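K.L.:
Here is what each chain is made of, one letter per residue.
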Amino acid sequence: MVIRILDHVMQCYTQADGEVIAGVITACLKSGENAVVSFSGVHGVPSSFINAAFISLLDEFTFADIRAKLTFIHSTKQINELIKKRFDFEVNKRSKAEHCYA
Amino acid sequence: MIVPLPHTLDSWSMYGLIARIISKDKEPLHAEVSLDFSTLAFIKPVGITILSNLIELLKKQGVKVRFRDHNSSSAAIRYLDDSLFFEQYLKKKIFELSEVRPTTLPLRLLKHQETSSWLEYKLIPWLGSRLNMSSRSFGTIRTCLQELFNNINDHAREDIGSIFVQQYPNKKMINIALSDFGVGIPYNVNKIARPVHDGEAILFATREGFTSRSTPRNGGAGLDIFLNTLSKNKGKAIIYSNLGALSCSPTTRRPWLAMDGQYYPGTLFDINFRTDTIEISDESEEERFEW
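Sequence lines, in order, name chains A and B. According to the numbering used here, the residues represented by the first sequence are 11 to 112, in order. According to the numbering used here, the residues represented by the second sequence are 7 to 297, in order.
Hints are supplied without guarantee of correctness; some may be wrong.
[Unchecked claim] Capping the alpha-carbon separation at 20 Å, the derived lysine to aspartate or glutamate pairs in EDC-like fashion look like this:
id: 1; chain 1: A; residue 1: LYS103; chain 2: B; residue 2: GLU214
id: 2; chain 1: A; residue 1: LYS95; chain 2: B; residue 2: ASP42
id: 3; chain 1: B; residue 1: LYS65; chain 2: B; residue 2: ASP42
id: 4; chain 1: A; residue 1: LYS87; chain 2: B; residue 2: GLU289
[Claimed, not checked] Just the calculated beta-carbon pair ranges, DEER-fashion:
id: 5; chain 1: A; residue 1: GLN21; chain 2: B; residue 2: GLU285; range: 20 to 30 Å
id: 6; chain 1: A; residue 1: VAL30; chain 2: B; residue 2: GLY22; range: 44 to 54 Å
id: 7; chain 1: B; residue 1: MET179; chain 2: A; residue 2: GLU91; range: 19 to 29 Å
Quick caveat, the hints were computed from the structure, so don't treat them as lab data. None of the values given here were measured: they were computed from a predicted structure. Note that beta-carbon positions come from the ideal geometry of N, C-alpha and C, so glycine has one too.
Looking at chain A on its own, in the form it has when it is part of the complex (with noise of 0.2 Å):
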């Protein structure tokens, strides 16, 4: 399923804005579908979005699943080297905080 996010949202800013997002990407994948989020008419995004609209993803699906699932298109180099830099920090801290308490 395709998910242009100014469909949805009217601008890609706020953490409101990403959590929007974040509703939609995850009816889609608990529907069993794979989610494809358009970014088509965006040229920059901050990271309270980011964090809203993707990383909160990880408090309900595994990485790998997110991976699997979901991906992204007509982004810019900007949108995908924040994405993949904030879930790698979030990835990497969640996995240090288990083998803390393991």
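Model the placement of chain B on the given structure of chain A, informed by the hints.
P.N.:
Okay, now just chain B, sitting in the frame of chain A:
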């Protein structure tokens, strides 16, 4: 209380001015303050933001703020008038012929909900016309400011900030001075860490993953991304907050403590973007995503 403005109002002289007006607890020292402009010979863009921030803080605390001897035709008064400073606070310009200079985007007080439209409909088109580039070229500046506006909204406990933008064509530089009069970065950091001083507290806040969790979804990435994005532009910034500051270049982040316990009420970002690297550092071209 008559408070003479310094000869040159910038980020160095601001501490002395602030110390005469408010305490380190952000309590006003006087019920009425009359800012004396006769002593002011020169004001930097960051000085305009500082002055605006200070006036807003005093007004919020119920202090009566008046202006004194602000009718001279000194370079500083003319620059303030051209920058719509007096129009903002006195509802009229001092000089009939004053007008916004082409190299200036005048002083604005912005609530968070207004920042997006200011970016898209004021700053980016203005940059495009000044630098003769398409609006897509300014992803670096857009991302930096979005991170800072979100940071203010999440942490400052004040939903308003002052911003002023000045172009220096000969230096190939855009200077952006942005300030809030919130609680300050060290205030939040000191709740969960023990930095040696406030400059180090600001440094802590710029490390990826360090968050005071002012909101549940904070990832502690905003200031780190701001500085990394700025470094791609080869730009520089100084962040002043409470008793400390952090000087940031593409290769270093140097924290320091304000001298003699001097204090800034809130957070001030003095940012210099290079205009000759904007297109090189731009990352808004479409790129295929791969995990």
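K.L.:
Each of the hints needs a verdict: does it hold here or not?
P.N.:
Taking the hints in turn, this is what the structure says about them:
no.: 1; hint: A:LYS103 x B:GLU214; result: 11 Å, holds
no.: 2; hint: A:LYS95 x B:ASP42; result: 50 Å, violated
no.: 3; hint: B:LYS65 x B:ASP42; result: 17 Å, holds
no.: 4; hint: A:LYS87 x B:GLU289; result: 5 Å, holds
no.: 5; hint: A:GLN21 x B:GLU285: 20 to 30 Å; result: 24 Å, holds
no.: 6; hint: A:VAL30 x B:GLY22: 44 to 54 Å; result: 47 Å, holds
no.: 7; hint: B:MET179 x A:GLU91: 19 to 29 Å; result: 25 Å, holds
Checked against the numbered hints above, the structure violates only hint 2.
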